[in-house]
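Please take these sequences and the hints and turn them into a complete structure.
Going line by line, the protein sequences match chains A and B. Under the numbering used here, the letters of the first sequence match residues 1 to 333, in that order. Under the numbering used here, the letters of the second sequence match residues 334 to 666, in that order.
Calculated from the structure, these hints are not laboratory results. A quick note: this is a predicted structure, and the numbers were derived from the prediction, not measured. Using N, Cα and C, we set each Cβ at its ideal position, and we do this for glycine too. Treat the hints with caution; some may be incorrect.
Claimed, not checked - Under 10 Å between C-beta atoms, here's a sample of chain B residues computed to sit facing chain A:
#1 G410
#2 I471
#3 R489
#4 M512
#5 P531
#6 V532
#7 A575
#8 L577
#9 M615
#10 A618
#11 N623
#12 H624
To be verified - Each pair of labels, with its calculated beta carbon distance range:
#13 A/N132 to B/A340: 53 to 61 Å
#14 A/E154 to B/L642: 23 to 31 Å
#15 B/L529 to A/N290: 37 to 45 Å
#16 A/D300 to B/E550: 19 to 27 Å
#17 A/D323 to B/A606: 49 to 57 Å
#18 B/E346 to A/D300: 52 to 60 Å
#19 A/K21 to B/G630: 45 to 53 Å
#20 B/N503 to A/S258: 34 to 42 Å
#21 B/P610 to A/N132: 33 to 41 Å
#22 B/D613 to A/G23: 31 to 39 Å
#23 A/R211 to B/K390: 42 to 50 Å
As the list claims (entries may be wrong) - Far from chain A by the CB rule (all over 10 Å, computed), these chain B residues:
#24 E343
#25 G356
#26 R387
#27 I389
#28 R524
#29 Q553
#30 E590
#31 S591
#32 H649
#33 G652
Protein chains: 2
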Amino acid sequence: MSMQRVAYGEMQETLARILIKYGFSPDRAERCSGLFTDTSCDGVHSHGLNRFPRFIKAIVNGSVHVEASPSPLMQCGALERWDGRRGPGNLNAYECMERAIALSRECGVGCVALANTNHWMRGGSYGWQAANAGVIGICWTNTMPNLPPWGATEPRLGNNPLVIAVPRTNGHVVLDMAMSQFSYGKLASYRAIGSLLPVEGGFDTEGNLTRDPAAIERSQRPLPIGYWKGSGLSLTLDMVAAMLSAGFATYQIPADESLETGVSQVFLAFNLAALGPVEDAMAIADRILNHLQANAGDSDIRYPGEQVLKTRVENHLLGIPVDAAIWEEVRNL
Amino acid sequence: MSMQRVAYGEMQETLARILIKYGFSPDRAERCSGLFTDTSCDGVHSHGLNRFPRFIKAIVNGSVHVEASPSPLMQCGALERWDGRRGPGNLNAYECMERAIALSRECGVGCVALANTNHWMRGGSYGWQAANAGVIGICWTNTMPNLPPWGATEPRLGNNPLVIAVPRTNGHVVLDMAMSQFSYGKLASYRAIGSLLPVEGGFDTEGNLTRDPAAIERSQRPLPIGYWKGSGLSLTLDMVAAMLSAGFATYQIPADESLETGVSQVFLAFNLAALGPVEDAMAIADRILNHLQANAGDSDIRYPGEQVLKTRVENHLLGIPVDAAIWEEVRNL
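Below you can see the structure in the form of structure tokens.
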């Protein structure tokens, strides 16, 4: 694999041109390409440029309706239910987090439940979005079945990523975590470099816990985080998303990567400014991180999002590192 | 250890009498003793009767102010900040979840952030409370430092239990999970019966992952669920609780079980009735559980709260099982 660096603007404009070719209006193409480019720029390659060809396939196969935008179905104060109308998942999620933020400006809290949408690509994007607006953001999505519940051998849960974002002047804290210990993408990466996982990541076909990524790919039995605990968390996140949105639960989402559509999501925003100066709240966050990392000696205590920010600065300066073959593939779309 | 069974009413009245002796008004004694008795009746012995002597000690040492009740500090629509005034943690939590539920009836969502409170005993209590009211409940608390962050050897995080509750006609789903894979109470139980943990639960003093509970008690290095993932989740739950409540973060809470006070909590309620008939939402929950457990063969797929309900019914019929020595100790308080 040969690596090269591509300037932010070049990547974004390239993706926008392709999106317009596939039917996006120029303004939506700009936002959508910006979300993909930001994701690669932040170092989350799996859901940035590297994901783009699959996104285009989902447009071609009809899972993603390029010009559909979400519309409100019900509103009660700070709580709203929206229909994603199978639009592009990242645009839908962005718009619903914007709406949750706006609701939080009026009501202190805002909650938007979104049905009938598509894969949101990097969940962390909507955490950064909330934190950039100075609010606390929490959101999650369900997914197709890709994780066996604790006690079972076949996938009946989604890995249902959960995002929690806290604003700070010196770098937001953005947690973006799926309920499986390792994604299938991560398993493939470890396998490709011939490496064992750093900790047990699933069961082999004999039902033994293993650090061998290929064995888990064969068994299709990745581990939920915390074994029975992540299994319960994944289930309840799915239930809340489906009940609030009246959309699909994991068991209703096609268990096929190329056809995964109709997912349900929840977006929450908490307006810190409603409770006093936002600076005071951000100072609380700063003090927590200072204590977390103080006098840590040789240990390496990071907060979620810390590495992202360093990577972003570097990639804006030097260009975004890409796999040359994927960059070539994308430019030919 | 000798086991006996005590009728629900007898336990509740006994605890209420003791609480009145220690300064509770009769109505508060009744609710507080009810929460303790419900917890034991549900089979969560560690935070029910078995915890009661320590609760009384916290009154005697001044950590818990028996007659203090929470008061609102700020309100903005669906978001409120309350001061717990160091009152009894379970009464404070109950009252704040009631308030979040009431807010959700008005605004669709309700959020109460509570500072300056005490250990809420069983977090699941407030999940059952929300689900009994027909709403979705989410709440969490921070705790004293008792969990090393990923990459560190000393406790700088709390185990910060998180509760997610979903109402159903046929038994609510109530997840109640701390961010450590095993609590110190669980480690002690495994050690007492000479058993290894079912999965790795922490590091020994040499820094190796281990299933030996005593080795983890010695090192004080229990594992966060999902390693780095639970570490990040614990941190962000602490940040959100401290920022919304303007109360203590984990690093400010005395790292001594008998002096742990001033914790911060968040209570969220989502009013399903604002979005349509609650029966429709509960039917979504039922279908999810039916698919989760359908044709499971020999596997044992449980949902969170399933076992609790069976235990509750049995203990209401037969009496609540207690350790005779603890029951004797409590009656002598």
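Tested hints:
no.: 1; hint: G410; verdict: 4 Å, holds
no.: 2; hint: I471; verdict: 8 Å, holds
no.: 3; hint: R489; verdict: 6 Å, holds
no.: 4; hint: M512; verdict: 8 Å, holds
no.: 5; hint: P531; verdict: 8 Å, holds
no.: 6; hint: V532; verdict: 6 Å, holds
no.: 7; hint: A575; verdict: 5 Å, holds
no.: 8; hint: L577; verdict: 6 Å, holds
no.: 9; hint: M615; verdict: 8 Å, holds
no.: 10; hint: A618; verdict: 5 Å, holds
no.: 11; hint: N623; verdict: 9 Å, holds
no.: 12; hint: H624; verdict: 4 Å, holds
no.: 13; hint: A/N132 to B/A340: 53 to 61 Å; verdict: 57 Å, holds
no.: 14; hint: A/E154 to B/L642: 23 to 31 Å; verdict: 26 Å, holds
no.: 15; hint: B/L529 to A/N290: 37 to 45 Å; verdict: 38 Å, holds
no.: 16; hint: A/D300 to B/E550: 19 to 27 Å; verdict: 25 Å, holds
no.: 17; hint: A/D323 to B/A606: 49 to 57 Å; verdict: 51 Å, holds
no.: 18; hint: B/E346 to A/D300: 52 to 60 Å; verdict: 54 Å, holds
no.: 19; hint: A/K21 to B/G630: 45 to 53 Å; verdict: 49 Å, holds
no.: 20; hint: B/N503 to A/S258: 34 to 42 Å; verdict: 36 Å, holds
no.: 21; hint: B/P610 to A/N132: 33 to 41 Å; verdict: 38 Å, holds
no.: 22; hint: B/D613 to A/G23: 31 to 39 Å; verdict: 35 Å, holds
no.: 23; hint: A/R211 to B/K390: 42 to 50 Å; verdict: 45 Å, holds
no.: 24; hint: E343; verdict: 33 Å, holds
no.: 25; hint: G356; verdict: 32 Å, holds
no.: 26; hint: R387; verdict: 25 Å, holds
no.: 27; hint: I389; verdict: 31 Å, holds
no.: 28; hint: R524; verdict: 20 Å, holds
no.: 29; hint: Q553; verdict: 15 Å, holds
no.: 30; hint: E590; verdict: 20 Å, holds
no.: 31; hint: S591; verdict: 22 Å, holds
no.: 32; hint: H649; verdict: 25 Å, holds
no.: 33; hint: G652; verdict: 29 Å, holds
Checked against the numbered hints listed earlier, the structure breaks none of them; every hint is satisfied.
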